[in-house]
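Asks: Please arrange chain B on chain A, whose structure you already have, making use of the hints.
Given next are the chains, with one letter for each unit.
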Amino acid sequence: MMHAPILPILLPLFAGSLLLLGHRLGRGIQRRLSLAATWALLPLSVWLLVLAGDDQLRVYALGDWAPPFGIVLLLDRLSALMLLLTALLAGFAVLYAVRGDDERGPNFHALFQFQLLGINGAFLTADLFNLFVFFEILLIASYALLMHGNGAARVRASMHYVLLNLLGSSFFLIGVGTLYGLTGTLNMADLARQVASADATQAPLLAAAGYLLLLVFGLKAAILPLYFWLPRAYAAATAPVAALFAIMTKVGLYAILRVFTLIFGSGAGELADLAQPWLWPLAAITLAAGVFGALAARNLQTQLAYLVVVSVGTLLVGIALGTAEGFAAALYYLLHSTLVSGGLFLLADLIARQRGELGGELQHGPSLRQPALLGGLFFFAAISVAGLPPLSGFLGKLMLLRAVPVGSPALLMWSVLLIGGLGLLIALSRSGSTLFWRTSGSPVAEAGADHLRILACAGLLLGSLLMVVAAAPLQAYVQATARQLLDLSPYLQIGMGGAA
Amino acid sequence: MEALFAITLGVLTASGVYLLLRARIFPVVMGLTLISYAVNLFLFAMGRLRTGVAPVLGKSAEYGDPLPQALVLTAIVIGFAMTAFVVVLALRGLGEVHSDHVDGREPDQ
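The listed protein sequences derive, respectively, from chains A and B.
First residue of the first sequence: 349, per our numbering; consecutive thereafter.
First residue of the second sequence: 612, per our numbering; consecutive thereafter.
For reference, chain A alone in the conformation it holds in the complex (with noise of 0.2 Å):
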């Protein structure tokens, strides 16, 4: 079917725009509307993976108007790969919402169809405006549901949160001015052909306007210098909107990965592999700075937000290697660093439940409820994260260690890769063991947590369990993307009659 790849977009729309007007309706009403919009989401990505199995680049022309006119989707196998992913992160994440949180604030599930509009966009479009636009929304969105719930804390943090997404949104439209200036085009393949064959006097300009780019990614995706915001706000931020949040600094990352292998990757000429130099040290840096942070976290939900930071880090090795093996390995590490700190937080939330007016703070305190399955949860989310056998984190990280070519940047990044895992290991059986052991005195919680909730935050944290079972053809699916990535010359032909 023609039209499959606006799908995604559309759903959440139409869902999000009928719960706004609908805001009158029943609780029970928009919770279910929203369980089902965004459930509806899974069986629609699969088909769109299905789809973009067959290594056919998908091009869907808004309004019919042919590239590089008019505004274009484009249905790759990454992008089908990462609205899976979204779907299955959201969906589990609603899930936990409708059991309570959605009651702290008004339209708690508009915003969140929004939210998801505004991810599905940014993984959809071709064309760097339209990016902007999407990026636009997915922020606006998540303005409003980081406060969802209210407090002085969120206040603060959403502060910060805002004014440099911003910023940063005034450095994206300098960036594709300036690009827009120099090419006349704003579509990435067409982009990429200009940036090509662009002549000697233009390149400090057009590089110029990649990195402003790369600045803004950076901020979305929480690379060292631009990541002060994100530990406060995630947080700060309600359980089910944190774990939605983990897909959030991907969304950079993702930008980074099409924007710097297609407009600026090995096919531009003066500008090849613009990024590549910088994103070494950065992603060795924002690895380090995440592992310090979790280690000096004294709050669960705070080293949650840091263990984001070190996978940013960790997935920007992988895309630092700029090779098929490196690709691969960041794509792997990605679903399950975003499955589990998706389930971790909200895991968190469920501990924190337990523990009366402790919260998440990491010091002596009551029993929990339920420590054995609490901790049986919170164990298998550790290992998982900390890399350890036989789950997911384990699988990622040696594909990662073994992309890494032999030689000087094996001995940097096997390094900072091993001593990071082993940092992480402290910190998260530091907090276990506070959380779980150093208790005493009678639980304070009056009743167990509620099966729904543990329901979605398990099922999250199982994705790592499955993606091990399902090793073999995931990793056979992401090194298929991450050689469809390279292989630029599909790209090109968009607009130029040949895949569209």
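Since the hints were derived computationally from the structure, they do not count as laboratory data.
Among the clues, some could well be false.
As the list claims (entries may be wrong) - Think about it this way: if two alpha-carbon atoms lie no more than 25 Å apart in a straight line, the pair counts; the simulated SDA-like pairs of lysine to any residue are:
#  : chain 1 : residue 1 : chain 2 : residue 2
1  : B       : Lys-670   : B       : Ala-656
2  : B       : Lys-670   : A       : Gly-418
3  : B       : Lys-670   : B       : Gln-680
4  : B       : Lys-670   : A       : Gly-532
5  : B       : Lys-670   : B       : Leu-660
6  : B       : Lys-670   : B       : Ala-681
7  : B       : Lys-670   : B       : Phe-655
8  : B       : Lys-670   : A       : Gly-789
9  : B       : Lys-670   : A       : Gln-711
10 : B       : Lys-670   : A       : Phe-417
11 : B       : Lys-670   : A       : Trp-413
12 : B       : Lys-670   : A       : Leu-530
13 : B       : Lys-670   : B       : Arg-659
What the hints assert, rightly or not - Facing chain B, according to a computed beta carbon distance under 10 Å, are these residues of chain A, among others:
#  : residue
14 : Phe-477
15 : Val-510
16 : Asn-513
17 : Leu-521
18 : Leu-813
What the hints assert, rightly or not - Cβ pair distances, simulated, as ranges:
#  : chain 1 : residue 1 : chain 2 : residue 2 : range
19 : A       : Leu-358   : B       : Pro-677   : 26 to 36 Å
20 : A       : Ser-756   : B       : Val-699   : 24 to 34 Å
21 : B       : Ile-687   : A       : His-712   : 33 to 43 Å
22 : B       : Val-628   : A       : Ala-352   : 43 to 53 Å
23 : A       : Leu-770   : B       : Tyr-629   : 42 to 52 Å
24 : A       : Leu-369   : B       : Ile-687   : 39 to 49 Å
25 : A       : Glu-618   : B       : Val-699   : 24 to 34 Å
Being a predicted model, the structure only gives us computed values, none of them experimental.
All C-beta atoms, glycine included, are put in the ideal place defined by N, C-alpha and C.
Replies: Coordinates of chain B only, in the frame set by chain A:
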């Protein structure tokens, strides 16, 4: 015309950055607004500065590029929405944390 335009953009951006670094909500919002004005004008100029030419190909040797105007329009709308959100957030912040500092607390003297 180009030089005047460029100087205007530079002054707008510099003032915006200065205000942004004041770290109090009102100057910060003003700063962001000035920066977004500068960015919008910059986008506009990326279609090249020309007066009195039609945005139609083939009518004359010179033509105006209509696309940046569409981009600027989108950027202005988004910028308005974002500024409105920051103002509401600032009011909320004033009520909840009783400070107009962007960190949500008064810096130690």
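Asks: Checking one constraint from the list: CA of B/Lys-670 to CA of A/Gln-711, max 25 Å. Satisfied?
Replies: Violated, because 75 Å separates the two Cα atoms, which is more than 25 Å.
Asks: Within 25 Å, alpha carbon to alpha carbon, are B/Lys-670 and B/Leu-660?
Replies: holds, 18 Å
Asks: Quick check on a hinted range of 39 to 49 Å for A/Leu-369 and B/Ile-687, using CB atoms only.
Replies: At roughly 26 Å between Cβ atoms, B/Ile-687 and A/Leu-369 fall outside 39 to 49 Å, so the hint is violated.
Asks: Taking 33 to 43 Å as the hint, is the beta-carbon distance of B/Ile-687 and A/His-712 inside that range?
Replies: violated, 54 Å
Asks: Keeping to a limit of 25 Å between CA atoms, is the pair of B/Lys-670 and B/Phe-655 held or broken?
Replies: holds, 22 Å
Asks: Decide if the proposed pair is consistent with the structure: B/Lys-670 and B/Arg-659, CA atoms, cutoff 25 Å inclusive.
Replies: holds, 18 Å
Asks: Sort out whether A/Gly-418 lies within 25 Å of B/Lys-670, counting only the CA atoms.
Replies: holds, 22 Å
Asks: Hint check: B/Lys-670 vs A/Gly-789, CA-CA at most 25 Å. Holds or violated?
Replies: It is violated: about 86 Å lies between the C-alpha atoms, which goes past 25 Å.
Asks: Taking only the CA atoms, is the gap from B/Lys-670 to B/Ala-681 under or equal to 25 Å?
Replies: holds, 21 Å
Asks: Does A/Phe-477 hold up as a contact with chain B if the rule is Cβ-Cβ below 10 Å?
Replies: At 6 Å from the nearest chain B Cβ, A/Phe-477 passes the 10 Å test, so the hint holds.
Asks: Verify the proposed pairing of B/Lys-670 with B/Gln-680, using a straight-line Cα cut of 25 Å.
Replies: holds, 20 Å
Asks: Quick check on the hint: A/Val-510 CB to chain B CB, less than 10 Å?
Replies: Holds: closest Cβ of chain B sits about 6 Å from A/Val-510, inside 10 Å.
The structure is inconsistent with the numbered hints 8, 9, 18, 20, 21, 24 and 25, although it conforms to all the rest.
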